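Chemist: What follows is the residue order along each chain.
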Amino acid sequence: MKPLMVKTKKWLPEQKRIGRRLLFCLMLFTALLGPQGLEAAITPDGQPGWFVDMGRFAASAHGTFSCEQCHGDMKQGGTMHPDSENPAFLKAYANREYNYQRCQSCHKPSYEQYLEGAHAKALKKEQTDSLAKLEQLPESKKAPTCGNCHSGHYAKAHLSRVEIGRKMVSVCGACHPAQAATYLDDYHGKAAVNLGDKNAAFCTDCHGAHHCLSLKDKKEALAACQRCHPEATEGFAQVVIHPTIQDLPEDDTEKRTHVALIRIVTVLMSILVILVVGFFYGHSFIWLLRELHEKLRKHK
Amino acid sequence: MSAMEKQSPETFVRFSPLQRLLHVAVMIGFTGLAVTGFSLKFSDQWWASGFAWLVGGAAHLAWLHRFFAVITYGCVVVHIIWLFYFKLVLKGSITGPQSLFPRVQDIRDMFQHMGYFFGKRRTPRFNRFTYWEKFDYLALFLGMNTMGLTGLFLWFPEFFSTLLPGYFINLAQVLHLYEAILAVALKFVVHLISTHLRPETFPVDKTIFTGKTTREKMMHEHPGELDSL
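Those protein sequence lines, which keep their order, are chains A and B.
Per our numbering, residue 1 is the first one in the first sequence, and the count goes up by one each step.
Per our numbering, residue 1 is the first one in the second sequence, and the count goes up by one each step.
Chain B on its own, in the form it takes in the complex (with noise of 0.2 Å):
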């Protein structure tokens, strides 16, 4: 993560085609989790019914449910594979400042950037990752994992049965769906905001989908990064 190539003295690379892609890909599958999910728990009102009822009722929304299932999980395997790769091939740091690690440092960037919000302080000198950037990949990292491990239970609850209590498919249940709520609360809504909606990005930052950022941009969103390079 720390290797930045230079295209041009103003230029740089942030986001590799691989990370760029499986954003695209979860992006997709996200979506489409959600909005069959959604469409099956709230299925007593009838845009969500009106939806089930489009794709040809419950059935063929369980099934594209799993289908979108196995694409976004699909996309934190190869995640994990180039972690590795990263790691062990690549030598790069998956836990130094520049990383995604979550970092004492992230606590005290947060409480200053919160003061920023009020006019009482400076925005602190972010790395490569910010905190809430941070937060929103190890929140979707996490969840993702376990509502793939919950899905899993519903998807197979004969078979987890025999291993575990019955009660623990309606634990699984309740897991998934507030687990559902959070995700599609923060990622619609603080996502969007913090990485496009606000005024210094609005109405979009295209970073994540062309992979490139230039000088300024830097000096302003990562100056730390920068100064590391």
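Extracted from the complex, chain A is given alone in its bound form (with noise of 0.2 Å):
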């Protein structure tokens, strides 16, 4: 017991309280980053970067896989991969880098419904269109592949069907903010997504998983509502559930104009209510004030 007394050091209350502080921080600021929040802070703009973290990886859907199986012999062009005497290859966006077309190998039916989708139309205008253009969008403005909407090396298998859905609002959101916003206060959003009813139609119930369509098609959108409202009629289709014109193209008047009016009636029911209750709450507060000086001047 003795020698060991020897060695240990006494600690100044000073130091321990500067310890104790130093690792309240370091608890706080852990808590709030979390561990999402961390892999967001080494990974800009939300996208995956260069690094994998081993652990959350073996944990994941493909976290049995080698990484050949996925990444090839990664080679390129003759040279090993990454080039690690290319300063500009780390600032590279890794999905972009990503050959995507390697997914099909086991989720071909996906790969092929992505393919006869909007995403994939939107990536074939973008190769068609020039470099330049493509540059000064920004990432949230390019069209995805595979590595944009899922994580090969974090996602994981045997979700639960809302589990998934609830992913979605932030996964399509990224990109479609207006949209997710919408549909998070719409009768579909609060049900699915807030109060997890898996009956409830979430993102791609309507816009199809991989065909990620816009649905400005009536017929499509028809079709949509009548997988869970089979008695909707042309309509009801034109129920607006996102009512918002981000995004929406410049010729279609007619969601242009069923907004705008969404949008008057709300503001012109907010007056109403803002005067009526404003009105009413006044007229009960200085009711209550003149009672109660009636009830105290009586009392002296």
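Read the hints as simulated data drawn from the structure, not as lab findings.
Errors might be hidden in some of the hints.
The list that follows gives simulated cross-link-like pairs (lysine to aspartate or glutamate, EDC-like), each with its CA atoms no further than 20 Å apart [as the list claims (entries may be wrong)]: (1) K298(A) <-> D44(B); (2) K120(B) <-> E294(A); (3) K125(A) <-> E97(A); (4) K120(B) <-> E291(A); (5) K198(A) <-> E216(B); (6) K298(A) <-> E158(B); (7) K167(A) <-> D205(B); (8) K217(B) <-> E291(A); (9) K255(A) <-> E163(A); (10) K217(B) <-> E294(A); (11) K218(A) <-> E158(B); (12) K219(A) <-> D205(A); (13) K41(B) <-> D185(A); (14) K295(A) <-> D44(B); (15) K295(A) <-> E200(B); (16) K41(B) <-> D186(A); (17) K295(A) <-> E216(B).
Values in this document were obtained by computation on a predicted structure and should not be read as measured data.
Got two chains here, separate frames each, mind docking them using the hints?
Modeler: Here it is in structure tokens:
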């Protein structure tokens, strides 16, 4: 016992206090960031970066794979990849560097749906457009490939319908924020995302997973509605689920008019509520003051 | 409504058993509607999603809301039938000075009453129903009908979108929400204060539950009606 005691250094109260404060700050920092926060901190724009957390990878759906199964022999153009001599390499978006066509070797149906869908169409348009135009676009406006929506390293398997659906709000919402916000304001979003009702529609239930249709086509929209509402007619498909003009084409005057009408009624109703409630709250409050005043005066 | 039976010289019947029953039923229905409705509207808040979880999820919340809606609107239907009975069989007046029908006098009463708030004037000699009681009644009566209509739009959107363009469902949604906010903000605060919580009546005015009121209260609150008897 004694030799050990000799080696133990006595901490001064001041050092203890500083130590405790540092520990507190560290705990607060990690609690605030959380495991997802840390990932976001090292990967700007929420894009998957070049660094892989092998612990989380091992727990993911692809966790039993070896790197080469998806990344090949890591040789591109005769040089080993990544090229540590090239300073620009780590600044590039990892997603854009990855050959997403490799996913089809295991996920054929999804890959084919993607090719038929709106995101692949946007990608094709991007490839025919000039490179200079593409450079100007922010990352959230560029056409997504597999890795933009699915995390190859961290996505978990066997998630429930509601768990997947809840993730969609942030995944789809990363590029379509107005649509995510209006969805959460709609009955579908509240029942499905907030209350976890598995019978309510998540993003892909209407827009189709991998097809990702805009549903601007009226027939497509009606078909989407009828999957859950078999009695739906053309008029029903015109119910506005996303009352926003974000990303709406200029010539879609019909929806623009509907969204404008909804906004006007919202503003008028807000004014009515504020005026009526304001008047009667004031009325009640002053009345209370008057009666209190009379009561107190009587007791004098 | 003017039929004022005298039980004893000092006690007056202000509300019939049917009116008292309807008031209790509407209280339950309205509160149930508010709780279940706002649990959906604010379902991103823990208290709302917690309540929804307690009743068994979004589908149960929706059916409970409809259950309370049927109770509440059932009261409106019974009340309308009673109004016809009162008018046609009992030969009562539903537009006279002792009725709930709005009159120009109510606006004068309101300004005079507000003058009293600031100590400038005396309280008006109110008839059977004061202007704020009329507002309480008419706002709820009209509100329940519009809420019922917009609620039906949201209950059967497939049917109503065959009659009207789809965005009318959205408009019904907006109207349903803002009217709900208006109704809850008025009933749970203004109505409670003006009938129960102000010093004159604190803590509770039992008249709506027992139906009875005293001569003293009548002289104080409804002198105009007392004169007409």
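Chemist: For the pair supplied as a hint, K120(B) and E291(A), is the alpha-carbon distance within the 20 Å limit?
Modeler: 14 Å, holds
Chemist: Quickly compare the C-alpha distance for K219(A) and D205(A) to 20 Å and report which way the hint goes.
Modeler: Judged against 20 Å, a Cα distance of about 16 Å means the pair holds.
Chemist: Would you check the hint for K255(A) and E163(A), treating anything up to 20 Å between C-alpha atoms as holding?
Modeler: Not satisfied, since the Cα-Cα distance of roughly 32 Å exceeds 20 Å.
Chemist: Starting from K298(A), check that the Cα of D44(B) is at most 20 Å away, please.
Modeler: Given pair K298(A), D44(B) is violated - Cα atoms ~49 Å apart, limit 20 Å.
Chemist: Holds or violated: are the alpha carbons of K167(A) and D205(B) at most 20 Å from each other?
Modeler: 52 Å, violated
Chemist: Can you confirm whether the C-alpha distance between K125(A) and E97(A) stays at or below 20 Å?
Modeler: Satisfied, since the Cα-Cα distance of roughly 19 Å is no more than 20 Å.
Chemist: Is the Cα-Cα distance between K41(B) and D185(A) 20 Å or less?
Modeler: Satisfied, since the Cα-Cα distance of roughly 8 Å is no more than 20 Å.
Chemist: Is K295(A) close enough to D44(B), meaning Cα to Cα at most 20 Å?
Modeler: Status violated; Cα separation ~44 Å.
Chemist: Quick one, are K198(A) and E216(B) close enough, alpha carbons at most 20 Å?
Modeler: 60 Å, violated
Chemist: Do the alpha carbons of K295(A) and E216(B) lie within 20 Å of each other, as the hint requires?
Modeler: Answer holds: K295(A) to E216(B) is near 18 Å, not above 20 Å.
Chemist: Within 20 Å, alpha carbon to alpha carbon, are K298(A) and E158(B)?
Modeler: It is violated: about 63 Å lies between the C-alpha atoms, which goes past 20 Å.
Chemist: CA of K295(A) to CA of E200(B), is that 20 Å or under?
Modeler: Holds: K295(A) and E200(B) sit about 8 Å apart, inside 20 Å.
Going down the numbered hints, you'll see the structure goes against 1, 5, 6, 7, 9, 14, while the others check out.
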